[in-house]
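S.K.: Line by line, the protein sequences are chains X and W. Each step along the first sequence adds one to the number in the working numbering, with nothing skipped, and position 91 is 91. Each step along the second sequence adds one to the number in the working numbering, with nothing skipped, and position 204 is 204.
Everything labelled a hint here was simulated from the structure, so no lab data went into it. A few of these clues could be false.
Said to hold, decoys possible - Mimicking BS3-like on lysine-lysine, the simulated pairs with C-alpha atoms at most 30 angstroms apart in a straight line are:
| hint | chain 1 | residue 1 | chain 2 | residue 2 |
| --- | --- | --- | --- | --- |
| 1 | W | 216 | X | 222 |
| 2 | X | 55 | X | 2 |
| 3 | W | 103 | X | 246 |
Stated by the list, open to error - With beta-carbon atoms standing in for the labels, derived distance ranges:
| hint | chain 1 | residue 1 | chain 2 | residue 2 | range |
| --- | --- | --- | --- | --- | --- |
| 4 | W | 119 | X | 267 | 41 to 51 angstroms |
| 5 | X | 736 | W | 374 | 17 to 27 angstroms |
| 6 | X | 736 | W | 262 | 34 to 44 angstroms |
| 7 | W | 314 | X | 724 | 15 to 25 angstroms |
| 8 | W | 214 | X | 667 | 54 to 64 angstroms |
| 9 | W | 262 | X | 693 | 42 to 52 angstroms |
| 10 | X | 250 | W | 230 | 38 to 48 angstroms |
| 11 | X | 227 | W | 297 | 38 to 48 angstroms |
| 12 | W | 297 | X | 242 | 52 to 62 angstroms |
| 13 | X | 227 | W | 272 | 35 to 45 angstroms |
| 14 | X | 242 | W | 355 | 44 to 54 angstroms |
| 15 | W | 230 | X | 227 | 46 to 56 angstroms |
Every residue, glycine too, gets a C-beta built ideally from N, C-alpha and C.
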Amino acid sequence: MKIRAITLRNVRRFAGQTARLAGIADGITTICEPNESGKSTFFDALHALFFIDHKANTAELRALQPYSKGAVEVAAEVETETGRFRIEKRFLGSKNATVTDLDSGAIVAQEGEAEAWISRAIGADMAGPAGLLWVRQGMTGFGPDGSGPSERKERDRLREARQSLMSAVAGQIDGVTGGRRMDTIMKAVAADLDALANKNLSARTGGEWGKAKKLVEELTAKRDQLDTQVNALSRALRRRSELKRKLDDPRAAETDAARTAEVARLETELAAAEQHEKRVSDAARELALARLTLKGVNDRIAERSRQAAHRTRLADDDRTAAARVSESETRAASSQEAFAIAEAHYTAAAETLRQARRAEAAAARARELAAGARRRTEITGLLSRADGVEADLRAARETLRLNPLTAAGLDAIEACARQIGEAEARRDASATTLIFSYSGAARATVAGVEIVPDLALPIHVATTVKLPGLGQVTVTPPAGATMADTGALQLRLDGLLAKAGCADLAAARAMARANTEAKTAETSALAALKALVPDGTDELRRELEALPLEIADQPAKGLDPSGPSVADAEAAEDDANRRLQLAREARDRDAATRLEARTTRRLAEDALAQFDRDATSRTTVEDLDAQRSLAATDVEKAQKVHADLVAAAPATDAIEAERDRLVSVLQASREDRARARDELSLLDGEIGARADDGVEQRLELVRGELEQAEARAARYAFEVETLVALRDELEKARSEARDAYFEPVKRELLPLLAMLHEGAELEMDPDTMLPSRIRRGAVVDEIDVLSGGATEQIAILTRLAFARLYARQGRQVPVILDDALVHSDDDRIIRMFTALTRISRDQQIIVFSCRSRAFEELGGHRPKIEVREGSPLT
Amino acid sequence: MFSFIHSSDLHLGKPFGRFGEDLRVRLREARHQKISRLATEARRTGASHVLLAGDTFDAETPPPQILRQAIRAFAEEKDIIWVLLPGNHDSLLATELWARFEKERPENVVLALQEGATELAPGVELLAAPCPVRHAGRDLTEWMDRAETRHGALRLGLAHGPIQGFSEEDAPRDIIAPDRAERARLDYLALGDWHGRLAVSPKCHYPGAPEADSFKHGRTSCALHVVLTASGAAPNVTEIETGELSWIGLDLDFRPGDDPRKRLEAALPAAAGRRDTLVRLAARGRLSLAERASLDHAIVDLADDFGSFEVDLDRLDLDHETADLDEIDMRGGALRTAAARLLAGAEDMDADAETRRVRKAALARLYSYALAARG
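Please take these sequences and the hints and turn them into a complete structure.
M.R.: Here it is in structure tokens:
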């Protein structure tokens with residue numbers, strides 16, 4: 001279907017007018033009119049003509065009415081494969097629809113039939129290609145924006161239109177891509193897969209597969225541990241069996257018994273060998289004895305020669321000893337005599353020394369007594385003077401005791417007295433005073449005392465003055481002027497005086513003076529005493545009592561004052577003593593020599609006598625020679641016997657070595673068995689413990705559990721593998737289906753798109769049935785984020801592609817653009833014009849625009865809107 | 001005549017760690033209860049002895065309370081003589097176990113700890129072959145061929161080990177000669193180790209564990225009542241059911257068009273016994289996505305009825321049906337594309353098995369999501 005002319009009557013700005021647009025060509029028809037010239041009115045009226053029932057009363061129709069209201073009439077002359085027709089509709093008043101064959105002038109259809117005819121002409125199943133192919137003013141994208149119900153409804157309608165078209169071309173999309181069923185299945189696959197595995201297809205922690213794998217790991221570790229224990233147990237059981245066999249093996253016992261018997265036999269042999277060895281030893285001993293006997297005889301022969309020489313030496317010794325005895329005795333007698341003389345001399349010298357010492361002692365005593373007498377006199381004098389000073393001291397201290405008031409105490413008293421005076425002066429100065437001047441004889445009295453005339457009488461307390469003949473006056477001093485200060489001070493003064501024991505101030509001053517003087521006297525007395533008796537009189541008195549009272553100058557009785565001095569006597573005594581010692585030493589030495597000589601003589605005599613006595617029992621030389629011959633023969637015999645025995649001796653070392661070897665083997669065998677028993681005991685314990693633990697059964701149990709767990713984990717792994725295979729296959733199939741589904745529109749769209757974006761690819765959204773992303777080289781952009789111009793251009797190209805699809809369906813529907821391409825720049829708009837021109841070769845395109853200069857480049861037919869007043873449509 | 005109960009592999013104290021705590025306790029307790037159950041059966045059948053052919057205990061060193069409680073339980077059944085043989089799990093190497101047992105051994109318990117023949121009862125010689133270690137590396141019954149017993153006495157062999165390579169832990173050298181009973185002129189060879197019931201020969205039997213412990217042995221657990229009438233005569237062997245909990249291994253082969261829920265419910269026991277039943281479902285074959293979803297829902301609905309319900313759907317492949325993909329997305333859109341790609345990946349034989357498994361699971365998951373999304 002192609003539109004050739006459009007006529008409107010009483011539509012919007014054409015109130016009461018007829019507007020006509022004729023001369024619409026096959027290809028591009030461009031209607032360039034200024035704003036408010038009614039281009040959009042034509043667009044909307046044409047939409048109503050084709051898609052709104054003439055009986056309807058919709059807002060869209062009412063929007064076509066002019067302010068003056070009234071019926072709206074729209075007509076279009078169209079050309080279809082069957083001819084040229086005029087479609088007319090009157091809306092909102094005297095509603096009517098008519099289709100007239102322009103060639104014959106016959107009405108083809110009216111009312112409902114006319115609507116049906118129109119629907120067929122534009123393709124009833126296309127559900128509004130106008131929305132799909134016609135672009136209203138201001139709609140720069142793929143559909144109306146906004147979220148209102150009408151926009152949503154329009155979007156849905158457009159989507160359905162696209163889907164309808166695509167389905168007509170490539171089949172139902174749900175049928176192609178699987179639709180919601182595919183979505184449901186893929187969601188189920190994803191959910192099942194997600195429950196088991198992570199994105200990287202590893203087992204999900206906490207998922208059934210993850211739990212199964214974890215259990216497998218745990219059980220494997222447990223199985224390995226138990227396996228180790230069971231292997232150890234098995235080894236222990238085998239080892240114990242081996243050990244028991246070994247210990248119970250009768251052959252081992254038999255071997256040990258044979259070895260024991262052999263050891264016994266060797267022991268017997270060894271005993272015999274030892275006996276033989278003993279005999280050899282005895283023979284050796286006999287040989288040694290014979291040799292010893294021979295040696296003894298030889299020794300005795302030699303001894304005999306030595307004894308003869310010895311007898312000679314003994315006789316010589318005896319003689320020498322006798323001579324020494326005689327000589328020593330002579331010398332001893334001489335030295336004894338010299339000692340006696342020296343002893344007498346020493347006794348005399350000692351007596352002389354004693355006398356000299358007695359005389360010297362007596363003289364010393366006399367000197368001591370004289371010194372004592374002198375000291376006594378001195379001490380007596382000191383004590384006498386000291387007694388006088390002590391009397392003065394006592395007197396001074398008595399004075400102090402009676403006059404205790406010190407200068408400081410007196411100062412306090414005097415200070416108090418001064419304060420009293422000062423207080424009284426202050427009191428009097430501030431006190432009320434009375435001065436009486438008498439004119440007569442009468443005299444005023446206070447407390448009976450007459451008041452002196454013209455003399456100020458201070459009043460310190462309430463005072464009653466008697467006025468003879470008049471009465472009395474009581475004067476009261478002002479408050480505050482009291483006697484309190486002086487009273488207190490007076491009381492303190494009285495207290496101080498009382499404490500000092502003085503009646504008044506004068507007495508106090510006298511006492512203080514006496515006190516000072518007494519202190520001076522006391523100090524003087526103490527200084528004198530210290531000078532006289534620094535250590536006190538008691539010490540002097542004790543010294544005095546200790547002094548001797550004997551009279552000196554009395555010579556000692558029996559002493560010779562003219563005798564030698566003690567020093568001389570001591571020298572003589574020392575000399576005598578030294579001589580005595582020398583004499584004693586000589587005497588003792590000579591006595592010792594004499595004793596030694598005597599002893600030597602006696603020994604020599606004894607030895608000689610003894611030798612001579614022994615000589616009688618000694619063997620003769622002949623006997624000794626005979627003995628030596630006999631002993632030599634014995635030695636020869638013994639040597640032979642010993643040699644024979646040595647030659648016949650058995651191999652004791654070899655027997656011992658063999659015995660030792662066997663004993664060692666037996667010992668090793670016994671130790672080996674002991675070790676085996678020990679090991680057996682340990683194994684019993686180990687096996688018992690493991691048996692109590694039931695490790696074999698636990699291992700079997702764990703193996704079974706592991707088998708189950710592994711099978712379970714394998715099932716989950718297989719399930720994951722299955723789900724992944726299924727997911728991949730579904731995704732691949734759906735992707736391919738979508739590609740195939742959109743292939744027709746992409747085939748139409750891409751050449752157009754290439755005019756704007758060379759090499760660009762588009763991805764279609766299966767939900768909106770519209771391009772969703774554009775790929776230019778490596779850059780992929782969402783359509784939504786492109787500029788307004790680019791979006792507008794792609795939207796128009798998409799419409800053109802859909803229009804081409806309609807055309808290929810054999811359903812020619814014009815593309816109508818109302819003020820489109822408002823956002824396109826100069827370069828792009830030219831390219832878009834080229835695209836439109838290319839499409840227009842087999843597609844009618846009607847373009848309304850107010851931009852006459854910009855659209856000059858579009859070319860095409862350019863009819864004008866004709867407006868006539870009140871003319872009918874036809 | 002000599003009559004006895006033959007059992008083995010009680011595995012007292014087995015922990016069953018791969019199950020939940022409640023079930024573990026029940027499984028362990030069921031084992032312990034077998035002592036009184038065997039005693040009851042012995043009295044009922046007139047048997048004087050119960051022979052336990054090894055692995056009475058699960059470990060060489062069971063926990064003390066397990067051992068003590070077992071001893072008390074054996075002692076409680078004082079009119080029954082119990083013969084315990086060390087097996088590979090409780091071999092003679094478990095010296096601690098047997099020393100402790102010996103120390104507290106009740107009078108009515110015989111511990112066959114020595115290899116050799118002893119008189120078990122008048123006219124009955126027991127030829128016991130205790131396991132010396134977990135893996136002896138030799139046929140422990142070989143000596144029985146040469147073992148001398150009194151003339152006319154019944155020769156009763158008691159051993160633990162495999163007769164072929166079917167044991168859980170055996171090695172070829174440990175294998176007991178299957179014809180040992182004949183070679184050693186035994187009147188009966190009571191074996192343990194194999195947890196399922198197996199009659200090796202008329203005179204050689206495995207009773208299996210009296211209480212099952214795995215899905216390996218499909219049959220009901222039992223003990224054997226054995227009557228030996230005379231030396232050289234064939235024994236009379238009767239199975240006695242002893243199992244308390246059932247272990248059911250379901251191997252279901254699904255085909256497109258199956259109703260998985262119905263098939264599963266049909267294969268499972270009645271509701272009354274489900275609490276005492278442990279189930280391992282191994283599904284294979286192919287199911288459409290819808291059928292697979294139905295199976296998944298059925299499993300979820302039924303699993304909690306049972307003591308345990310293990311599921312292995314790895315070998316269950318998806319059957320490509322347009323209707324399944326239509327359930328996901330019939331308009332040929334992206335969902336359909338994804339589903340188709342997952343399906344292609346699941347069936348891409350150039351991809352490794354794990355990748356195919358993941359794609360298959362993803363497709364099943366997509367189907368479930370699509371159903372849920374459809375509401």
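S.K.: Take the hints in turn and mark each one as holding or not.
M.R.: Here is how each hint holds up against the structure:
For a cut-off of 30 angstroms, the pair hint linking residue 216 (chain W) to residue 222 (chain X) stands: about 28 angstroms separates their Cα positions. Between residue 55 (chain X) and residue 2 (chain X), the direct Cα distance comes to roughly 25 angstroms. Compliance with the 30 angstroms bound is thereby established for this hinted pair. Our distance criterion of 30 angstroms between C-alpha atoms is met by residue 103 (chain W) and residue 246 (chain X), whose separation comes to about 23 angstroms. Between residue 119 (chain W) and residue 267 (chain X) the beta carbons are some 49 angstroms apart, a value that agrees with the proposed interval 41 to 51 angstroms.
Under the hint 17 to 27 angstroms, the C-beta atoms of residue 736 (chain X) and residue 374 (chain W), about 23 angstroms apart, fit the expected range. The hint said 34 to 44 angstroms for the Cβ distance between residue 736 (chain X) and residue 262 (chain W), and at roughly 40 angstroms that hint holds. A beta carbon spacing of about 19 angstroms between residue 314 (chain W) and residue 724 (chain X) agrees with the range 15 to 25 angstroms that was offered as a hint. Separation of residue 214 (chain W) from residue 667 (chain X) is about 56 angstroms and conforms to the stated range, judged on CB atoms against 54 to 64 angstroms.
A hinted range of 42 to 52 angstroms holds for the C-beta pair residue 262 (chain W) and residue 693 (chain X), which are about 51 angstroms apart. A hinted range of 38 to 48 angstroms holds for the C-beta pair residue 250 (chain X) and residue 230 (chain W), which are about 40 angstroms apart. For residue 227 (chain X) and residue 297 (chain W), the hinted distance range of 38 to 48 angstroms is satisfied, since their beta carbons lie about 41 angstroms from each other. Taken as a hint, the range 52 to 62 angstroms holds for the pair residue 297 (chain W) and residue 242 (chain X), whose Cβ atoms sit roughly 60 angstroms apart.
Evaluation of the 35 to 45 angstroms hint for residue 227 (chain X) and residue 272 (chain W) yields a pass: the beta carbon distance comes to about 42 angstroms. Roughly 53 angstroms separates the CB atoms of residue 242 (chain X) and residue 355 (chain W), a value that falls within the hinted 44 to 54 angstroms. At about 52 angstroms, the CB distance of residue 230 (chain W) to residue 227 (chain X) agrees with the hint of 46 to 56 angstroms.
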